[in-house]
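Visitor: Take a look at the letters that make up each chain.
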Amino acid sequence: MTEQEVIKLTNEVFVDSFEIEKSKLLPQANIFNDLGLDSLDIVDLVVALQKKFGVTIRDDERVRTIRTLGDLQQFILTIKKEIGK
Amino acid sequence: MKRVAITGLGVITPLGNSVAEFISGLEQAKNASVYIPEWGKYKGLRCLVGAPARLENEKLIPRQNRRSMGRLSIFAVQAAQQALKDANIPQRSLSCGRLGCVIGSTMGSAESIAEAFETLIPNNDLSLLTSTKFFQCVSHTAALNVGQFLGITGTVMATNAACASGLQAIGAGYDLIRTAQQDIMLCGGAEGLHPTVVGSFDVLFATSTGYNQTPKETPRPFDAKRDGLVCGEGSGIVVLEDYDLAKKRKAKIYAEIIGFNSFGNGAHVSESNREAIASCINETLKRAKLIPREIDYINAHATATIQGDQEEASALRQIFGDQVPVSSLKGNIGHTLGASGAIELIASLIMMEKNLIYPTLNLKEPDKACQGINHVMQPLSKKINILLKNCFAFGGINASLVCKRED
Numbered sequence: 001m002t003e004q005e006v007i008k009l010t011n012e013v014f015v016d017s018f019e020i021e022k023s024k025l026l027p028q029a030n031i032f033n034d035l036g037l038d039s040l041d042i043v044d045l046v047v048a049l050q051k052k053f054g055v056t057i058r059d060d061e062r063v064r065t066i067r068t069l070g071d072l073q074q075f076i077l078t079i080k081k082e083i084g085k
Numbered sequence: 001m002k003r004v005a006i007t008g009l010g011v012i013t014p015l016g017n018s019v020a021e022f023i024s025g026l027e028q029a030k031n032a033s034v035y036i037p038e039w040g041k042y043k044g045l046r047c048l049v050g051a052p053a054r055l056e057n058e059k060l061i062p063r064q065n066r067r068s069m070g071r072l073s074i075f076a077v078q079a080a081q082q083a084l085k086d087a088n089i090p091q092r093s094l095s096c097g098r099l100g101c102v103i104g105s106t107m108g109s110a111e112s113i114a115e116a117f118e119t120l121i122p123n124n125d126l127s128l129l130t131s132t133k134f135f136q137c138v139s140h141t142a143a144l145n146v147g148q149f150l151g152i153t154g155t156v157m158a159t160n161a162a163c164a165s166g167l168q169a170i171g172a173g174y175d176l177i178r179t180a181q182q183d184i185m186l187c188g189g190a191e192g193l194h195p196t197v198v199g200s201f202d203v204l205f206a207t208s209t210g211y212n213q214t215p216k217e218t219p220r221p222f223d224a225k226r227d228g229l230v231c232g233e234g235s236g237i238v239v240l241e242d243y244d245l246a247k248k249r250k251a252k253i254y255a256e257i258i259g260f261n262s263f264g265n266g267a268h269v270s271e272s273n274r275e276a277i278a279s280c281i282n283e284t285l286k287r288a289k290l291i292p293r294e295i296d297y298i299n300a301h302a303t304a305t306i307q308g309d310q311e312e313a314s315a316l317r318q319i320f321g322d323q324v325p326v327s328s329l330k331g332n333i334g335h336t337l338g339a340s341g342a343i344e345l346i347a348s349l350i351m352m353e354k355n356l357i358y359p360t361l362n363l364k365e366p367d368k369a370c371q372g373i374n375h376v377m378q379p380l381s382k383k384i385n386i387l388l389k390n391c392f393a394f395g396g397i398n399a400s401l402v403c404k405r406e407d
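Sequences listed follow chains G and R, in order.
In terms of the working numbering, the first sequence opens at residue 1 and continues consecutively.
In terms of the working numbering, the second sequence opens at residue 1 and continues consecutively.
Hints were generated in silico from the structure; no laboratory data involved.
Quick reminder that beta carbons are idealized off the backbone N, C-alpha and C, glycines included.
There may be inaccurate statements among the hints.
[Claimed, not checked] Below, a list of computed lysine-lysine pairs in the DSS-like style, where the Cα atoms sit at most 25 Å apart:
#	chain 1	residue 1	chain 2	residue 2
1	R	K383	R	K404
2	R	K59	G	K24
3	G	K22	R	K59
4	R	K289	R	K404
5	R	K289	R	K383
6	G	K22	G	K80
[To be verified] Sample of chain G residues facing chain R (criterion: CB under 8 Å; computed from the structure):
#	residue
7	D38
8	L40
9	V47
10	Q50
11	R58
12	D60
13	E61
[As the list claims (entries may be wrong)] Away from chain R, derived, C-beta distances all over 10 Å, residues of chain G:
#	residue
14	E3
15	K24
16	D44
17	K52
18	T68
19	T78
Based on the sequences and whatever the hints tell you, model everything.
Guide: The structure is reproduced here in structure tokens:
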């Protein structure tokens, strides 16, 4: 999966699950402060990403360090690469 | 004890999403029952008729409030907004600690509960459940969502007594104001239509199954050709208020609540029982310090089940004879279950205001077992000073409420 594909699919999750306008989906956007997600949304974000990418990330400690949309996209890319190995 | 006034009304119903639209539908003798072919995929479900409400404008509720709402909570929030506006309750009252809400439903959102199990069961995988599904599924989902959305900091409670939930909620709010624990209460019920709900009645042979191809002819409360209930959905919310405070702020008072009671039958979980119904009504009259002939109109529970209607008719005959006009609105909107007590009370309050009783739709020939009471079969002009609303629920839980016209 290319970086562009990961970005596209990740952004789809934010639009479909959290009703966020595409124009706000910038790599530097803070998931909490800029995109307005809260603790409950993070649970749902993980569920949606697991479905979208066919990955298991719920108990991955690295999820806790994610702050921006760019962080998240890079994390998904890393996970996909790890699975591919 | 404080006196309690009803000062605001709000509804989402199978006949429309405002009190005006709902009443217009009743006046046009509309029936909201429709054939729902998609339900045919459920093996063993014989009733394929329902009375759906329109889900609309839900995106006006911000996502972070809406995410914990199933269908019935959205209905409850929208009905509550209407009722608050109708009563002209200022925004600041919502979070002053003297305003609360009691809203009941048969269960949490049936659609959400079904989705949760459909997600969980195939792979026994909990990790696919979203965080807010729980809040859609819990039994107090309507009350919690209305409370959260409106910022209510007073009492927030749920009454869950199936088809008596809405009326019990109004009774609970009445008690909270009478005893000066709260000044203003948003009370009522909500329900969502879903095949699993219909199925719960269907397995008990309580649904209408003979009119799938002619849905407008069912349900038929008290009628000789009735064959069961039709499930509906929606929400009814009333604003209850300390009577003296309502007068002080010159609020419109639809009526004063002067009596409420809810009794169990202690006999059978699903079979209605005329003695228990009569006992519940008689206690309500006693608490309101009324004798039967002082009641001007009875809005019956009458869902069009064979057994339930005859038991209610028998109890009414025993107490009121054939003197007091009786009608059921289930022929128009089906059985909105936990919402029915509140929705039908609201229609009854409008009848009181208009001096006009809406008839029982689809009642053409009263069943022999339901005769001997004063069935309203055509619109009837009559001044209503005092009305009685009945609700009877599975579990043998009965409830009755009496309202008095504001002079």
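Visitor: Against this structure, judge whether each hint is valid.
Guide: We went through each hint and held it up to the structure:
{"no.": "1", "hint": "K383/R x K404/R", "result": "holds, 12 Å"}
{"no.": "2", "hint": "K59/R x K24/G", "result": "holds, 19 Å"}
{"no.": "3", "hint": "K22/G x K59/R", "result": "holds, 18 Å"}
{"no.": "4", "hint": "K289/R x K404/R", "result": "holds, 12 Å"}
{"no.": "5", "hint": "K289/R x K383/R", "result": "holds, 20 Å"}
{"no.": "6", "hint": "K22/G x K80/G", "result": "holds, 24 Å"}
{"no.": "7", "hint": "D38", "result": "holds, 7 Å"}
{"no.": "8", "hint": "L40", "result": "holds, 4 Å"}
{"no.": "9", "hint": "V47", "result": "holds, 5 Å"}
{"no.": "10", "hint": "Q50", "result": "holds, 7 Å"}
{"no.": "11", "hint": "R58", "result": "holds, 5 Å"}
{"no.": "12", "hint": "D60", "result": "violated, 12 Å"}
{"no.": "13", "hint": "E61", "result": "violated, 16 Å"}
{"no.": "14", "hint": "E3", "result": "holds, 26 Å"}
{"no.": "15", "hint": "K24", "result": "holds, 14 Å"}
{"no.": "16", "hint": "D44", "result": "violated, 5 Å"}
{"no.": "17", "hint": "K52", "result": "holds, 12 Å"}
{"no.": "18", "hint": "T68", "result": "holds, 20 Å"}
{"no.": "19", "hint": "T78", "result": "holds, 20 Å"}
Hint violations for this structure: numbers 12, 13 and 16, all remaining hints satisfied.
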